[in-house]
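*Asks:* Now for the letters of each chain:
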Amino acid sequence: MTVNGKDIDAVTQVLQQDTETPTLAVTDLRVWFDTPRGMVRAVDGVTLDVAPGRTLGIVGESGSGKSVLSRAVMNILAPSAVVRSGSRIEFEGRDTATLGREEARKLWGARMAMVFQDPMTSLTPVLTIGAQLTETLRRHLPMSRSEALDRAEELLEWVGIPEPRKRLKQYPHNLSGGMRQRVVIALALACSPRLLIADEPTTALDVTVQHQILALLERLQREQGMAMVLITHDLGVVAGRSDEIAVMYAGRVVEQAPTKVLFREMRHPYTRALVGSIPRISDPSHTRLRAIPGRPPTVVDPPPGCAFAARCPHARPRCLAETPVLTTDGTTGDRHRHACFFPVGTPAGDDAWTTNLDEGRTAAGLPVDSRSVL
Amino acid sequence: MRIRPRSTAVACIGAVVALLGSACGSGEASSLSPAGDPVRGGTLVYSYNTEAQSVDPATCAIGIGVGPCQAVYGALLDYDLETGEIEPGMAESFTTEDGKAWTLKLRPGLTFSDGTPFDAAAVAFNWGRILDPALLSPSASVAKTIDWEVVDPTTLSVTSKEVNYQLDFGLTEALAYIASPTAIEALGADFGNNPVGAGPFTLTSWARGTEMILDRNPTYWDQPRPYVDRLVLKTIPADDQRFNALQAGEVDVMAVTVQKYAARAEGAGMKVTSAPLLGGTGFRLSHRGPLADPDVRTAIAKLIDNEQIMNAVYPGEPVASGFTPEDSPLYDPGSAWPERDVQGAQKLLDDYRSRTGSGDIELTYVLTAGSPVLSQTAELIQSQLQQVDGLRVRIVPLEGAAFAAAMTSGDYDLIVSGLGGTHPDNLYKVFRTGGSSNNSGYSNPTVDEALDLTHTSNDPAVVESAYKTAINELVATNAYRFWRHARTDLISPANVHGVEVAYQYWFRPELVWIQQ
Amino acid sequence: MSHSLDKPASVVSEERLPILDPQDGSAPVDELTPPSAEVEPAGRRRRRRDVGAFFGGCWLVTIVLAALFVDLLPLPAPDVVGNLYSLPPFQNAEHILGTDQLGRDQLSRALHGARISLAVAIGATLVAMVIGTAAGLIAGYFRRAFDVVFDLSTNTILAFPPLILLIALVALREPSAVTLAIGLGVVGAPTFARIARANTIAYADREFVIAAKSMGSSSTRILRREILPNVLLPVVSFATVVAATLVVAEGSLSFLGLGVPPPAPSWGGMIAAGRESLYENPALVLVPGVFFFLTVFSLNRVGDWARGRVGRESSL
Amino acid sequence: MMYRAVARHAAKLVSVLALVSVTTFLLLETIPGDRLASVLPEGATPEMRAAAEERFGLNGSLPERFFSWLGSALQGDLGRSMQSQVPVTDSILERLPVTLELATLSILLALLIAIPVGVYSGYRPGGLVDRIATFLCSITLSIPSFLLGVLLVFVFAVTLSALPVTGWTPLSEGLVPHIRSLVLPVVTLAAVETVGFIRLLRNDMVATLQQDFVLSARARGLSTPRILLVHALRPSAFSLLTVMGVSLGRLIGGTVIVETLFSLPGLGTLVITAITGRDFLLVQGIVLVVAVAYVLLNALVDLTYPLLDPRVRTS
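First to last, the protein sequences are chains A, B, C and D.
Per our numbering: the first sequence ends with 374, consecutive numbering throughout.
Per our numbering: the second sequence ends with 890, consecutive numbering throughout.
Per our numbering: the third sequence ends with 1206, consecutive numbering throughout.
Per our numbering: the fourth sequence ends with 1521, consecutive numbering throughout.
Keep in mind the hints are simulated off the structure, nothing from the lab.
Be careful, since some hints might not be right.
To be verified - The calculated EDC-like cross-link candidates involving lysine to aspartate or glutamate, where the alpha carbons are at most 16 angstroms apart (straight line), are: (1) B:K535 - B:E624; (2) B:K518 - B:D506; (3) B:K518 - D:E1253; (4) B:K518 - B:E536; (5) B:K842 - B:E624; (6) D:K1218 - C:D961; (7) B:K842 - B:E823; (8) B:K608 - D:E1253; (9) A:K106 - A:D118; (10) D:K1218 - C:D1041.
The following block holds chain A by itself, in its conformation from the complex:
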C-alpha cells in the first residue's frame, strides 16, 4: 500500500531506525559571506540530520540559503565564504572539519556526492562523457583505464541510457537535457556514495523528464541504501518523495517534520503560506493564486526577531524583538520542530491572528483582512 508514492514498509522502517547514527548530522551551521555591502549571513544556524536510506527534503524560496548549505556540506564553498566557529558537520559520526587530507579525498566525491540543477552546464563541454566518468572513477577507486571504461558503461546502463558504449565517445552537447542529467547522476553515483545531495535536480527539466529522474533517484537510493538530501523550491517534488521535510527561510530552518506530519500538522505560518500557494486541481477555475506578500529579506546584518515577521500574518511585537528557536511542542512527536512564538493551529497562534485582524494590521505593519488568511 502506498501513501502518495511511499510504500508502507518504508515508513515503518523509518520508525525503527531512529537509534542508528545519522549519515549526515549538521549542528548550528553558520556560513557568512564577506561582500562589500557587509557580512551576508547565507546560512545562520542550521541543525538537521539524515539517517541512512532516508530522504530529507529541503524546501525554501531562492536566497533562503539551501544551496549554500549543500555546498558547505560538500566542502565546495566559494573562497569568500566564512564557516563560523561552532558549526559542525558530521558524516557517519565523523566531524568533517577534522578529516586529514587523505580521508577528505576519500570522502568528497566518493562517499558523498552531489547532483546540480542545470544538466546543460554541469558537464565539462570539452571532455567526452567517457573521459569524465573514468576520470572520477580512477580518482577514487584503484582501477585500470579499461576497467574504468567498463564500469562507466555499466553506470550509464544503470541510469537508463540506451547504447551506453556509443555515448562514452560523445560530448555533452550531443545529448538531450534529460539524458545529460542521467549522466550527471551516473557521475555522482560512480563510487556508490553513502550520501547524495540533489540540489534542484529537476528544475531545468520539463515535467515528464522530471518525473523519470526523480523515480530514477528513488530506485538508485533504494538499491544503494544511501541517504539523500533533496533540495528544491517546489513543494510538489518533495511532498511525495521524502521521509522528512525541512523548510528554510532567510538562512534558518523554520520547521522540520516527517512529511505526513508537516502537511497535516504544520505549525509555522511560512510553511502554511508555502503549502497554501500550491494551486490544486480541485480548486475552481479562476481562483486567485495566493502569493506571499513582500520579498525574502536581505540577510545582511538582519534585525533581531523572526525573519519572517515582516510578511507573517501572526506577527506580534515579540516576533520583532526575539528570535524564535527551533523547538518541539510535544504535540506531534519529537521529530516535528518549528521556530515560531504563535504557531499555526495553536491557541497562541489563533489569538495573535484575531488580535491582528482586529487591529487590521500585524505588529510589523502588514495590512491584514479576513481574506488574506492563508
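Dock chains B, C and D against chain A, hints included.
*Replies:* Frame of chain A; chains B, C and D shown alone:
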C-alpha cells in the same frame, strides 16, 4: 666620383661614432717583429659592416664589392698604397712607351679553377662584356677609353684613345677582374653568385647578410700563397659588436673607419694597419643658383668650424686642417682650409645680395637618412651656416636610393660625400670637366689642365706637382669641404701577419699568414 | 556578420588591435562588450582603476600644455648647439635634464619632440577615426556589397605588414609630418572601422531606427541623426588607445630614421641617437624614453577608463 | 559544410592577396625620382638606362608589367633582385627562417609565461599574483619595442655584458651561441604578446571558473590543479589559439624593428634595405610572402578552430 653612391653612403654610415672620453692619438701601424717565415694553414676571418651585392667581375669593381672579387679573380695589376707603385698581379707586365700604346703580357700556362685557360682571349672576352649596357658595369666608363686586340695567347695590345699614363691604375680595379668565359656563358645571370676565377680563393658558400666562405684555389699561380686554407668574410654592421667579436677571437681582420677602435685595439695589444684615403668625410658643393658665385662659396667655407664638428661628433680624432694630411706625399700648405671668419662671411654674403639684389639664400643639405652621426653633423653645419643672417639651410635626409638619385643627377646644393678611393687619379674622374663622376658640374680650367698633365706626363715629379696644383685650386674654389681625413684601419690580433690595406676597406688575403 | 560574432558566446574571441608591429601598445579589445566582469568586489576595483586614469589624465594635460607653450617656457631653443656635450641630467642648473651629443638641452628637445609626436599621433588618430567610422557606418548599415568591400579592404590593410606599409608610404615620399599623419591614419583606420561597423549593425535593427525608416527618412539622415551619435561614443572611447598605438608607430619610424626630418626633434629620433652612446651616457636614451613611456601609459590608462565608462552606458 | 568554409576562405585569401599585390605595385609605381638610381653606375650611358629598363621590366604599360609579374609570380618566380641579381625567392627563403624562428620563439616564450600567470590570476582574481601581473602588463604595454630593446641591451649586454649586443650567430656555430644571440630579440618581441595572452587567458579563466561544471568537478573531489588545467584551461585554450595564430601572422611582418635593432638577417632588415635601395621586385616579393603568411595563418586558425572545439564542431 669613383665610389658608387650607395657604397659611399654605406661607408659613411659605417663610420658610427661613440663619444669616448678616452684620449687616443693617431697610431701608425705598430709592426711587430716578423715571427719567422710564413706558415701555411688556418682560417682567416675578415669582417666589415656591409657586404658585396654580387661577385660578377663586371659589377664588383666598386667600393665594398672589391673584396670578394679580388679574392676569387685576383687583379691583373696591384696598387701598393704605401709605395704608390703599381705591381704586376695576375698579369706579368703592362708597359707603354708613349702613354697611348700599351702591351699586356700574361703569365704563360695560367688556368681558371675550372681548368679553362686564363689567356688574352679571356681578358678580351671580359673587357668586351663590360661594355654591354645591360650589365650596367661601373667599369664601362674606363673600358670605353681604350681599344684592345689579342696578339697571342699571352699578349694583348691595348691602345688608349688619348694619352693616359695613369691607364695602368685602371687595371688595378676597373678592368682588373677576369672570370672564366666558359663559366660565364654556362651560368648566365647566376654567375654572380657562383663565380669561377683564377684568383687565390674559390667561393664555397655565401649566406647573404651573415658570411661568405672561400677556400684556397690549388691552381693559383703564386704558390705557396695563399697561406691560409680558408677565408671567411663576416658581415657585422655595428662597429662595437664587430670589435667585441674581434676581442673574442671570432674575427682576425676587422675593417673600421672610426679612429677610436684603433686606439682601444692598440691598448689591447693588437696590431693596427691603417692607410689614409683620398679626401675625407665632408660635403660637396654644387654649382647651381647662388653657389655659382665664388663669394658665396668662400663665405660658406669661412663659416664651417671643423674644430666644433670633431669635438662634438668625432671626439679625440685628429681634425683635417686641409685637403691632404701632412704625412701624404701630395701635401702642400696651399691645400689648407680657409680660416673661420663669421664677419668676413657676412660681408661676402651682403656684397653678393646687394650685387644681385636677391633675398635670403636657402640651401639644401642632402644626407643619408638613418645615421645619427650624419644627422648630428648636418644639424651642426646648419647651425654654423645660419650664424650669419640671410642664409638658411634646409636638411633633407634621403634614404639609400633617393640619395643616390640626388647624387648622380646633381639635384642638391650641399651633399654629404667622401671622395673615397686610394689613387689620386680619382680626382680626374670627379673634378675634371666632363669626368664620369663629375655630377656637381665643377669646371675649372686650371684644374683641368693640371689633371690632364697627370695623364699625359710620364715624369712622376711632374705628375705630383700637377696633383698639388689641382688640389690647391679645388680648395681655393671650395669645390669640396671636409673635417676628417678618410682613413681605413685594419685591426688584427698579434698572431696575424702580412696584413696590408688594399683598395678601400680590403687587404691582400693571399699574403696573410697566421702564426699558430 | 563579422566572423568574430558567430563564434559561440562562451569563447571570448578578443580581436587583437591589428595595428603595427606586435608592439601595438594597447590591451586586447572586444568591440562590443566592456572589459569582462571582474569577480573581485567591484567597489574596491573601480577606485583603483580611477587612480591610474587620474594620473594618466594629469600627465597628458601637462605634456600637451608644455608642448603647446614650450616657447614661453624659460628653456634654451632645442636646436641651439652648446659646448657642454652629453651632460648627464641634474648636474647643471641651466640644463636640468642634461644635454645631447651636440650640447642641446634635452628637456626642451623632449618638449618640442612631444609637440611633433603628439601632433602626428593626434592627427593620425583623427584621420583614422574619420576614415574608419565612415567606412564602418556604410558597411554596417548597407551591408551586402559594401560589407564585402569593407571586409576586403580592412583585411588588405591588415595583411600588409604594418610597419612595411608605413615605411613604404613615408620613405618613398618627401618625409613630412603630414605624410606621416596620413600614413599612420590609414594604418589606424581598420580598428575604428570594425568598431563602427559592429556598433552600426547592432543599432541598425533597433526600434528607433526602424521607426525612422518607416517614416520615410533617407538613409543618410538616419545614419547621421540616429546611428552616428550612438556609434560615436564607443569609437571615441577607443581614440586614446589608438592614439597610444600611433605614438609608438611614429616613434618606431623616427627610430628607423624615417620619421619627421631633422633637426625637428622627435622622441624616437632622440632614442635612436642616444643608442650610440648608451654606455657613456644612458640618460640620452632614458630622458626621451621616460617621456615616451609616461605618455603611452597615460593614453592606455585613460583609454581603459573611457572604455569602462562607455561600456557600462552603451551596453547593448 | 566544411568544404564551403574552405572555399569561402580560399576566395577571401586570393582576393586579399591580389589586392595587396596591386597596392604594393601602385605604391612603388608612384615613387618620385629616378627608379633606376640605385642600380645605374656613375656616368651611366643612355643605352645602359634603356637596357636596365628592359631587364627589370620597367618599360611597357602599368597593367602589362603587373600582369607579367603576376604571371611569373604564380609559377613561383618573383623575378630577380635589382641589386644582387639573386632571385627574389632565394633571398626570401634564405631570410625567412630567421624571421620565422624569431616569431615562433617569441610566441612560445609568451605562452610559457602567459599560461601559468593567466591561469593563476584567473583562479585567484584580485589576488597578489593577479595585481602584480596586471600592473606589469600595463607597464610592458606602454614600452615600445625599440625602447625595450635598447634598455635590455643596456642592462644585459652593456653593463652585465652577459649577452651579445647585436648580431646573429647561426645554429651551425653551436646551440649555445645561437641561443645567446637570440635571447634579447626574442624577449623584446615576446613582451607585448605575453601581455595579450595573459589578459585574454585571465578573463577567459575567470568566466569559465564560474561555470557549473567546475563546481560539479570540485564536488566530484577532483584536485584543483586538474580542474584548472583540464576542465577550465581547455575551453579557454581555443580562444588563445585563435589569438596566437593571428599574432604569429602579424609577427612575420612585424619583426622589422627588432631585427634592425639587433641587426639580425631576417625579412625585416631585408625589407628595409629593399625599400631604401628601391629594389622594387624584392619589396614586391617580400610584401607578398608576408601577406600570404598573414592570410594563411588567419584562414588556418578559422578552419582549425571548429576541429578543436567540440562545441563548435557540427559532426
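*Asks:* All hints, please: hold or fail.
*Replies:* The hints, checked one at a time:
1. Straight-line distance between C-alpha atoms of B:K535 and B:E624 comes to about 49 angstroms, which puts the hinted pair past the 16 angstroms bound.
2. For the hint pairing B:K518 with B:D506, the CA-to-CA distance comes to about 11 angstroms; that is within 16 angstroms, so the pair holds.
3. Among the hinted pairs, B:K518 with D:E1253 is consistent with the structure: their alpha-carbon atoms are about 13 angstroms apart, no more than 16 angstroms.
4. With a C-alpha separation of about 11 angstroms, the suggested pairing of B:K518 with B:E536 holds against the 16 angstroms cut-off.
5. Taking the CA atoms of B:K842 and B:E624, the gap is near 43 angstroms; set against the 16 angstroms cutoff, the hint is violated.
6. Distance restraint check for D:K1218 and C:D961: the Cα-Cα separation of roughly 52 angstroms exceeds the 16 angstroms cut-off, and the hinted pair is therefore not satisfied.
7. Proposed proximity of B:K842 and B:E823 is supported: the alpha carbons are some 12 angstroms apart, at most 16 angstroms.
8. Of the supplied pair hints, the one linking B:K608 and D:E1253 is violated, its CA atoms being roughly 36 angstroms apart against a limit of 16 angstroms.
9. Annotation: proposed proximity of A:K106 to A:D118 is violated, straight-line Cα distance about 26 angstroms (limit 16 angstroms).
10. Taking the CA atoms of D:K1218 and C:D1041, the gap is about 9 angstroms. The hint holds against a cut of 16 angstroms.
Hints 1, 5, 6, 8 and 9 from the list above are not met by this structure, while the remaining hints are.
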